[in-house]
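Asks: Letter by letter, the chains look like this.
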Amino acid sequence: MLRVVPILFGAAFTVLTCLAAGLLLLRQLRLSFDRAEELLFGFLTGAACVSTAVFFLCVVHQARTGVFVAAGVALMTAALWCRIPPGAARKLLPTSKWIYFLLLGSIFLLYFFIALAPEVSPDGSGYHLGNVIRTYEQHGFAWDFQSLYAWFPQGLEMLFLVAYSLGGMPAAAMIHLAFLCALAGLLVCYGRRFGVPRAGLFAAVLVFASPVVGLVGASAYNDIALATCIYAVFYLTEVMQEESNAKLLSLLGLLAGFCYSIKYTGWIAMPYAAIALRRRRMMPFVSSAAAVALPWAIRNWIWVGNPFAPLLTKWFPNPFYSADLEAAYLSDLRHVEGFHHWWEWPLDLTIYGAKLPGFLGPVFLLAPLALLSLRLPQGRKLLAASVVFSLPFALNPAARFLVPGLPFLALAMGLAMQNSPAVLPALAAFHTVLAIPAVMPVYCADWAWRIRSMPVRVALGLDPGDSYLQRFIPDYWIKAAIEKYVAKSQTIFSFDTRPDAYLDRRIVVGYESSEGSRIGEALSRGESPKRYGIDFVLVNDRDFTSEAIKDNAKSIGLTALEQRNGTTLYRVD
Amino acid sequence: MERLSTASIKAFFLAALGVSVYLAITRPLTFGEATLWNDLVRPSARAAFFAPDAWSGWLYALLAKRTVGLFRLSELTLRLPAILAGICYLALLPRRQAFLIFGAVPVALSWFSIATGYGLALAFCAAAWRWQRVAPILLGLAIASSPVFALPLGIVAVVSGLGAIEKVAIPALVTAFVLLIVPLSRAAEPVKTSVGSREEAAVRSALQPLRGQALRISAPPDILPLVEFYKASYRQRQWQITDRDPQVRLAF
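Top to bottom, those sequences are chains W and F. So in the numbering used here, the last spot in the first sequence is 573, and the numbers never skip. So in the numbering used here, the last spot in the second sequence is 252, and the numbers never skip.
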C-alpha cells in the first residue's frame, strides 16, 4: 500500500502547482468564470505555464526535484496568499446529473487503478517516459541522444517530469488522467454555460467511457491532454463570441500554443482560433501562443537544424535525419492492411479494433444522428470543429488520432438527441457498460488494443509488478538480460523500439535517426556494427534482416546471448 | 350497415386466424425455421445471443424457447409465438386498419404462421399504435425482432417531421440499437441455400415413415438442420446422422 503514497503525492503536487499557476494568471487577467470553469481553465493554463517553465529548466539543466518542489510550494503559497475570490455561481445542472456522475465515477475508478499500476502502454513505456527518465537523469535535455521521438515537442512530458521526479512513472500517467477528468469537466461546463446541460453531461460520459480514450487517458500518452486543450481553445472562442473580452485572447493564445507543444498535430488549434477570432486584435493571442510553442521550434532548430524535426526534413536538411527516413516513417504510419470495403472502417473504429489500434465504442456508430444538430448554429460549429480536429487521422489512422474531434462529435450527438425522452441517460449507461473490461470481449476482436482488467492488487502494491509487466510488455525480459550482460557505458542497436522507460542503457533504434539507419544498413550488408560503437544488437524474428543476421552471425561477429518472445540479444565481438 | 361491416370484419379476422393456425400446423418446416431452431432455440439463451445469426431472430427465439419448453418440440410449438403475435396484432390494432393491412398485404397472413420475427415485429407495431406513450420502446422492439422494419419505420418518421423523429424514431432506434448491437457485431454472412419448399416437404415425407427405426441417415449439409429438427421433434434418439455407411441417404 505504501507504493501508492509517493505516486499520489507526485501527481497531486504537479496538478496543484499547475492549478496555482493558472489561478494566479486568471487573477492577473481578472476574467469572469464560474467556480468550475475557474478550476478547469486554471489547471490548463497553469499547465501551459509550468510546462514552459520546466522547458527552460531543462535547457539550463536545472530540472531537479528540489527546484520543482521549491517552485511548486512558492506558487501554491502565492495562490493561497492572493486569496482568489470564488467565481460566479452559474445555473444548476438537471437532476439527471446524478446518473451521469455515477457513470463517470464508476468508470473513473477503473482508470484510476490502471494509471496507478506500472506503465505498460507501448508508447508510454517506450518513448514518452523514456524521454522523461533520460531528461530527469541528466537534469535537462539529453543533447547527445538523437532520436525522432526526442525531437517531438514534449510539452506534456515536462509535466510528467515534475510528477515522475516525486512519484515515479505512474504519477506521470496520473497527470494524463487529470487531463481526461478536465475534459469531462469542460464538456459539462460547456453544456451548462451554453444552455445544453444534458447534452454536455451526455458528451462527458460518451468521451470519458470510450474504450480508446480510457486506455490512452490512463497511460503516459499525450493524446487526451491534446484533446482537452483543443477543446478548451474551442470553448474560449465560444466564450469570446459571447463576452468579447480582449483579455481572453492571451489565455486563448496560451492554450493554442500549448496544443502545439503537446503534439505537432495540435498546430491546427492556432489557425482554428485565429479564424474563429477574425477581425480582432491578434497581438495578445499571437504573442502568448508563441511564448509556449516557439521554444520547442527554436530548441530543434539549434539542436537538429530543423525547427519541425523530424518533419519537413526536405526543407530543413540535417545530418541527423534524412528526408528518405522521414518519408518511410510517414508512409509506415499511414500503412493499413486488411480493409476490403469502405464500411469496414467505421465498424473497426467503433466495434472491433481488429485492424486499427483502439476503438471508440459501439455507441459512436450512432454518430450519423449528429447530423440532426446541423439545424442549430451550435451544432454546425461543433460538427465543423469535429471534422477539423479529426484531420490528423488521415496521417496516422489509429483511433486515438480521432480523439481530438470526439468531444465535438459527442456534443453534437447530445444536441441531436436531447429532446428525445430518456435516450441520453440510457445511451450513456449502455456505453459505460460496454466499456467494462469484462464486457468488451463480447463485441471487439480478441487482440484489440484495450483495457483488459482492473489491476487493483498490482496498483496497490499487494502483488508484485513484475509479472504484470511481463504479461503486457513482451520485451520486459530484456531488462534482466541487459542488466546481466551490458555495462552502463555500452550501447545497444535495435531495429525496433523497446520499452525505453525500463531499460537503463543507450539504445540506438534503426529507423529513429540517420545514425541508426546507417548501422541497420551495415548489418544488412553483413558488416560488424562495432565500428559504429555498437556493443550489442537486439533482433526480432519479424525484422526483415533477421534471417540473414541469424545465418551470418559468426561472420558478422555476433554471439547470441539470450532469446525469448521472438527477440534475440547478440553480443558484438 | 356499420354493425354489419364490424361483424364481417370480425368474421374475417377469425377466418384469418384459423388459416394462420392451419398453415402453422400443416406447412412443412422451412430451412430458415430449422436453422432458427438449431442455432437459436436449441442452445442456451446466452449461446443463442452470441450466435452469428442472432441479430435476425434472437427475440423470437427467446419466446420460442418458452413455447417449445412448455409444449414439447413440433412445428406448431416453434411457430406458436408467431400465432400469438397474430392474435395480439388483431386484438390491438383498430379493426379497420388491421383489415386494410391484411387486405393490402396478404403476405402478412403467412408472417403469423411461420417462425420468423416478421409477425412479432408487426405485433409490436400494433402495440405501439395502441399504447402511444411507450411507442418508441415498442417500435424499437419491432426493429429488434426484424431489422428490416427499420426502413419503413424510418421513412414514416422522416415523412412525419422533426417531432416524430425526436420523440419516436430516435428512441426507437436507440432501443433497437441497444438490443441488437452485440448480436450485429458478431453477425456472419447468412448461409446460402438452394433448399426450397419442395425439398422441405420432401424431407418431412421421407422422415415421417422412419419413426421408431434405428437408422444411420446421411444428408447433405443444406438440409441437415431440417433432419436435426425432425429427429428432435419425433424424439428419434436412435437415428444416427452420419455419412459413414448410411442406411438411408437423403439427397436432392
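Simulated from the structure, these hints should not be mistaken for lab results. One or more hints might be untrue.
Listed next, with one range per pair, are the computed distances between beta-carbon atoms [stated by the list, open to error]: (1) His341/W - Ala201/F: 37 to 43 Å; (2) Val73/W - Arg46/F: 40 to 46 Å; (3) Arg334/W - Thr193/F: 38 to 44 Å; (4) Arg375/W - Val148/F: 25 to 31 Å; (5) Ser197/F - Pro441/W: 38 to 44 Å; (6) Leu70/F - Ala422/W: 54 to 60 Å.
Sample of chain F residues at the chain W side, in silico, Cβ under 7 Å [unchecked claim]: (7) Leu109; (8) Leu151; (9) Glu166; (10) Val174; (11) Leu179; (12) Val182; (13) Ser185; (14) Ala188.
Note that CB positions come from ideal geometry on N, CA and C, so glycine has one too.
Asks: All hints, please: hold or fail.
Replies: We went through each hint and held it up to the structure:
1. One distance hint, 37 to 43 Å for the beta-carbon pair His341/W and Ala201/F, holds here, with the actual separation near 39 Å.
2. Checked against the hint of 40 to 46 Å, the C-beta distance between Val73/W and Arg46/F comes to roughly 57 Å, which is inconsistent with it.
3. With their beta carbons about 42 Å apart, Arg334/W and Thr193/F fall inside the hinted range of 38 to 44 Å.
4. Separated by about 29 Å at the C-beta atoms, Arg375/W and Val148/F satisfy the suggested range of 25 to 31 Å.
5. Checked against the hint of 38 to 44 Å, the C-beta distance between Ser197/F and Pro441/W comes to roughly 41 Å, which is consistent with it.
6. For Leu70/F paired with Ala422/W, a C-beta distance near 34 Å fails the hint of 54 to 60 Å.
7. With its C-beta approaching chain W no nearer than about 35 Å, Leu109/F sits outside the 7 Å limit, and its interface hint is violated.
8. Because the beta carbon of Leu151/F sits about 15 Å from the nearest beta carbon in chain W, more than 7 Å, this interface hint is broken.
9. Hint status for Glu166/F relative to chain W: holds, with the closest Cβ pair at about 4 Å, below 7 Å.
10. The beta carbon of Val174/F comes within 5 Å of a beta carbon in chain W, closer than 7 Å, and the hint placing it at the interface holds.
11. A least Cβ separation of about 10 Å between Leu179/F and chain W goes past the 7 Å threshold, and the interface hint is therefore violated.
12. Proximity of Val182/F to chain W holds as hinted, the smallest CB-CB distance being about 5 Å (cut-off 7 Å).
13. Hint status for Ser185/F: holds, given a least beta-carbon distance of 4 Å to chain W, under 7 Å.
14. About 13 Å separates the beta-carbon of Ala188/F from the nearest beta-carbon of chain W, more than 7 Å, and the hint is not met.
Taken one by one, the earlier hints fail for this structure at numbers 2, 6, 7, 8, 11, 14, listed in ascending order.
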